[in-house]
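Visitor: Let the hints inform the model, and build the full structure from the sequences given.
Residue numbers (this note's numbering), protein chains in the order written: chain E, 1 to 552; chain S, 1 to 89.
Everything labelled a hint here was simulated from the structure, so no lab data went into it. There could be a bad hint or two in this list.
List time: in silico DSS-like cross-link candidates among lysine-lysine, alpha-carbon distance up to 25 Å [as the list claims (entries may be wrong)]:
{"id": "1", "chain 1": "E", "residue 1": "K176", "chain 2": "E", "residue 2": "K194"}
{"id": "2", "chain 1": "E", "residue 1": "K219", "chain 2": "S", "residue 2": "K68"}
{"id": "3", "chain 1": "S", "residue 1": "K2", "chain 2": "E", "residue 2": "K219"}
{"id": "4", "chain 1": "E", "residue 1": "K109", "chain 2": "E", "residue 2": "K80"}
{"id": "5", "chain 1": "E", "residue 1": "K132", "chain 2": "E", "residue 2": "K96"}
{"id": "6", "chain 1": "S", "residue 1": "K81", "chain 2": "S", "residue 2": "K69"}
Quick caveat: nothing in here was measured; it's all calculated off a predicted structure.
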Amino acid sequence: MLLIFLLCSVVLIARAVNLQVMETDFLQGQGEARFLREVIIPSTRGVISDRNGEPLAVSTPVDSVWVHPGQLLEYSDKIKPLARLLGADADDIERKLRRRANKEFVWLKRRLNPSVTAQISALDLPGVYLQKEYRRFYPAGEVTSHVIGFTNIDDVGQEGLELAYDSWLAGSPGSKRVIRNRKGEAVEEVALIKESQPGQDLRLTIDRRLQYLAYRELKSTVLQHGARSGSVVVLDVNTGEVLAMVNQPSYNPNDPGHDTDSMRNRAVTDVFEPGSVMKPIAIASVLENGIAVPTTLVETSPGYIVISGHTVRDHSNYGLLDVTAVLTKSSNVGVTKLALQLQPEQMWDTYNRFGFGEATGTGFPGESAGVLRNHRRWRRLEQATIAYGYGVSATPLQLAQAYAVIANGGKLRQPAFIQGSNNPPISAIDSRIANMVATMLETVTGDAGTGTRARVPNYRIAGKTGTSHKASASGYADSRYVSSFVGFGPASNPRLVCVVVINDPTGDEYYGGLVAAPLFSRVMTGAMRLLNIPPDNYPAMLASAADVPGGQ
Amino acid sequence: MKLQILILIIVLLANIGSALGVVYSRHESRLLAVELSALESQQDEGLAEWSRLQIEQGWLADASQIEKKARGVLHMQQPDKTQILVIRP
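Guide: Given below as structure tokens:
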């Protein structure tokens, strides 16, 4: 009896030693393969919000369906209910799977509605699996699409700030090794292989309300005048922050499609010859170099001047004008006569300090620097045309930046899209000169000016109209124009600068003062109200209010 | 001799006790890990819900929607210059 017991024990111990010592590696490996799993720790993409924290781009988990073709094809009769849920044709799916029968992983449909995926998992089909993915949504849609851009199906930024700040927003997924039990629950974390870095949020300087307002008005203007495209940019004068930036045509970032023409953020990527809106820069150079003062008289009759065999014309014969009136009336002859007294280098230097010919440095993908040729290659005619905005090109954002210099006492601030950007003010011109030009620009919206339609009730506005011929392959086109208006207000303490550019209006009206100025007025009127900016004549308004007791 | 046997028994008992303790704490830690992963997925669920609500709010509070309702349903309009009176700064 005892012998049998001992024998059994010996056998048992021998087996135990065999398993524990001799085959331990093999068995342990097999065992671990059955319950050790590497699990990916996903990282969500950061939220992009406007300056007030309103979400503009948010990622949310959705399910995607993938199949193991071999497993599912064994039960091909079950494809039908699956196809019905996916809204696809069962035969199509089967054909697709047969073609890839030797593969182990085929996406069936990505980014489905949660209610659909719940029904699919309820079907409990063999070889059909759900994979959690993130999908990005843009609640403001086409209104913010150019600034924000969009991500592709793998959640990688493709355009706009989604592209520029991709790594900041994306974070990086981590992974860990866990032990799973029979039910697939993770029962023990063995090792953290890589920590997950969640994507970080991005807060923009854009104001969503202003953005919508600008977009709505731009869209209706572009439609009304049958224009090819258009842009509006609103900057905060004191900080250089971009408060609104919209373009037409636009697109829906939730379903971008492939129309790349409408995806460009024209306000940053597209340059145009600004025409008359450049004149204040030339005048600033004239004042700066002591060629003239605002009251210096310039003879503009007979309304044209011949430079190197080329005739520069005015709209009509304005006769004797002072420098202020040259801007008020937008006289090409006047600004030409003044600018030609400058050395090319002096004029180039002023333009350069206003930021022309150089990208603004916002880091926005595809940003254009515009064209300002080196002054050593300027001919006399070129110097004249550059004074009234031909032979030089700029983006709408560059124009906004330049006018902000005039509005901000001569200080240039690099435009910023992101809150907390580091853009210290750089002194571009003397504050005395800047204020002089600003005062002169106020006459443009006065009764004698070209920009009366840019007026904003209760606010004083300074600005400049522009109407330029579009350059084409065969020289300047006769009947194709770019209408623009650039201005700022309230003039007594400038807060906002706004650029309006309407490209190729096809209606009867094409002057900047008729097409762009009314849009400027509507955007600025709304912006002043939304941002609670006090009117210039606020004390006077209060006094007059006191005179009407019980007024409406 | 007696003392040695006593020590041996104590050590054996302590050994068995600590073995049981290890088993118990191991089991406990696995239960807690299950609970942790359940809570983590609950957190994920909550975050997902939050992102969905943010998007929903973004859509419903869209300026164009609000404007449509204000003008169309509530017949509101923007006051013009003559209807505005500044009472106090």
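Visitor: Work down the list of hints and note, for each, if the structure agrees.
Guide: Against the structure, the hints:
no.	hint	result
1	E:K176 x E:K194	7 Å, holds
2	E:K219 x S:K68	16 Å, holds
3	S:K2 x E:K219	102 Å, violated
4	E:K109 x E:K80	15 Å, holds
5	E:K132 x E:K96	23 Å, holds
6	S:K81 x S:K69	23 Å, holds
Taken one by one, the earlier hints fail for this structure only at number 3.
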